[in-house]
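Put together the whole structure using the sequences plus the hints.
Sequence order for the protein chains is C and G. With the working numbering, letter number 25 in the first sequence gets 25, and the count goes up by one each step, no holes. With the working numbering, letter number 238 in the second sequence gets 238, and the count goes up by one each step, no holes.
You can trust all of the hints, since none of them are fake.
Taking lysine-lysine and the BS3-like style, the derived pairs with C-alpha atoms no more than 30 angstroms apart in a straight line are: (1) G:221 / C:75; (2) G:210 / C:238; (3) C:79 / G:403; (4) G:171 / C:238; (5) G:349 / G:309; (6) C:238 / G:277; (7) G:309 / G:440; (8) C:238 / G:407; (9) C:79 / G:407; (10) C:75 / G:61; (11) G:169 / G:210; (12) C:238 / G:221; (13) G:309 / G:344; (14) G:193 / C:238; (15) C:75 / G:407; (16) C:75 / G:403; (17) C:79 / G:221; (18) G:362 / C:79; (19) C:238 / G:197; (20) G:407 / C:259.
What follows is a list of derived Cβ distance ranges for each label pair: (21) C:235 / G:303: 51 to 57 angstroms; (22) G:206 / C:150: 21 to 27 angstroms; (23) G:345 / C:60: 48 to 54 angstroms; (24) C:155 / G:345: 58 to 64 angstroms; (25) G:58 / C:161: 55 to 61 angstroms; (26) C:224 / G:169: 26 to 32 angstroms; (27) C:186 / G:93: 32 to 38 angstroms; (28) C:75 / G:236: 51 to 57 angstroms.
Simulated coverage check for chain G against chain C, where a stretch passes if three residues somewhere in it have a Cβ under 8 angstroms from a Cβ of chain C: (29) 98 to 111; (30) 140 to 153; (31) 408 to 414; (32) 520 to 529.
Quick caveat, the hints were computed from the structure, so don't treat them as lab data. Note that CB positions come from ideal geometry on N, CA and C, so glycine has one too.
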Amino acid sequence: MILAAALMMAQSAAAPATIARGETIFAQTCSVGYCHGAAGTAARGPRLRGRTFPREYLDRVVADGIPNSAMPGWKDRLKPDDMRAVVEYVVSLATATEAAPPANPMPPGVGPATLPNFNGPRLAERGHSAFFDATRDNCGICHAMGGRGNAIGPDLAKIAEKSPRDVVAAVGSVKAQHVLTATLADGETFPALQFAQNGGQIQLFDLTVIPPVLRTFNRAEVTSLRANPSWAHRDVAKIYTAAELGDIAVYLRWAATGK
Amino acid sequence: MKLLAGGFICAALALAQTGETRADWPHYGGQQSAWRYSALDQINRSNVSKLSAAWAFQTGKIDGGLQSTPIVVDGVMYLAAAWNRVFALDAVTGAPLWHYFYQNPREIGILYSPWNRGVAVDGGRVFMGTLDNHVVALDQKTGRELWNVTVENMQQCGCNITGAPLVVKDKVIVGVTGGDSAHRGYLTAFDAKTGRKVWRFWTIPGPGEKGHDTWLGDSWKAGGGSTWMTGSYDPELNLVYWGVGNAAADFYGEARKGSNLYTDSIIALDPETGTLKWYYQEIPHDVWDFDGAYECVLFDAPVKGTMRKLLLNVNKGGYAFVVDRTNGEFISAWPVAENITWIKGVNEKGELVGRNEPPVGKPTIICPSIGGGRQWNHGAYSPRTGWFYTTGIEWCQEVTVQKEEPKEGRNFFGGVFQLRPAQKGPSGGHMDAYDPVTGKKFWSYPSKYPLLASAVATAGDLIFTGDPEGNFFALDAKTGAKLWNFQTGSGNRGSPITYSVKGRQYVAVPSGWGSALAGLLPQLWPETEDFPPGSTLYVFALPEGTP
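Take a look at the structure:
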């Protein structure tokens, strides 16, 4: 009986320091912009202040988000301890008055502890950045790696063991394996990768420019699909420096093998 | 000779009047000059009181409300709803012809969702940007998907598309959200037939480009500058105009010292190449999140006795900026709200005077709030009165600036805010009629709550708009008197239009509460938390035989 009461106490009253840390993280992560408002008052997201939610529900929603909604999962962005602190803070809001609280001034320079975007080794980090560098036509537009990017072109894990020079060579050699020339009834031709064929329709990635375009045709609109041995991958040496290609090779090896 | 002169005048008039719609509502802004004005006058001041519901269409999914501008071409309406759902409807009966539901990923997890503000229809295709930052083209007759292209990885840029595309000749030009994310904004043009990318204009210049030195260090890589609304096009000058949003981080500017081009600017681009022809920056170094991303209204009016080609853009700071659209020369700036404390004013050169920049860590009251002295919902320009009709909002906020480091794909506000009541007069909204060049106000229609719906003006001298309580109503364009009202059952946050089929004029309005701003309103008006969401399109017409 006493033990049960003590357990219940422990569940409903997290350490004030944890709640305070949750408040800090909440202010910079959940209050911002149009989301949950200062101290959970209300905004685009639902009001959290003065409401009671089951703790298991909060754990799940904070970690996994809510499908088909603006609520993202935070398990890849916040450390487990930080997610727990946020949940404790939200639980503590149940007894908060609905009156607008004072805005939550943060001392300058204090921010929540968050995971870095890339949590691999430093050696691979530069290659990862180059691979997905949004300021140019990057590898990730056509190739998926480590759960990012678009799986349109071949899986690059297969060339992960290669040296930078061999990576460049490999990029040149994969060209003829799958690329086709599509000819349409109206005379248009373009280099293509077949994506899907179902019912009377065919879906092709048009590789003419970056990014590839997924085009859908009625079968009769495509008059022929032939192997295209002359198609050439973009010259990666024109997009990346030799040093960057070296970094990318390191990143690929790490992403594919964990080494 | 006389006949010839008459013909010439007619042709000149026709050219000057390209801003008006007639039977169709072919583009997001009516025509691509963004007037939101129709030459239809069957429904007018004398008979609008008889306006009655003709049909309604339920989109079936209320999350995100209904914020779009329907497009009408040849008696068919193309309606975009939240979650990238597109419906083709018989514009006379409301009967569905086809629908297309885009398959979004299970987790969107992005601030700018799940609403959509419209499609573009041109050359047998319907174009839409998606919540996961793709652009799709559909067959106008069947709704079948023709092409689908990824603009940029959504998780990586923290950006997506909610605005309607702009079609110029054979290109589909699409903006992106992301102004409150660690993101570098851009406009992208795709070939309308194939979906192939033709050009991209980065709204923040890269290394070596002119204007790059207006950004400190690496801040350009995450400096915002989103293009989340729809631009305009002048076929005679062959220029595309687009409003560019705020700099990021929204409130914390120390890390991006400089004027931060081309955020909060109007940009004029060559539609063939995406080359910048001129720009005009309304708010150098924005630290208030006062986007210049809203519509660019293209109209001609005399300035000091000389007829000029002008462009009007209202920004979130509550100022209308008017520039010469041939070269970007500043003409005038005037306020659309009373509660403005972020600046003291704008001088005759267009420079901001008396900037009130909130310091780091100290809660500061700034008016208007982040919701703006006006929201994105568009104004209307009537060539009959020569006036511009726009809403204004009275409210303030307490903002606390926080130092923040950019994190790829994440929100990047650099502060928190909380709405506060207006300091001057009551909080709330109003719809007003202005001289678009001088800002002289002719009338004002007050509203208890901020008005968050667009307006449409007609040759019947009517202004149609709606309010958060669900009222859709008609005002006298000359006096602001309310002439007709219909309770649609859910707050109005979209853009009404008017069109005609077989000689009968219709007025259509999206009704459907639920948006980022709708979510903020309870901070000032607690009762609005329980305002019902919805997603219904209502269409009205005069009973047959009405004089």
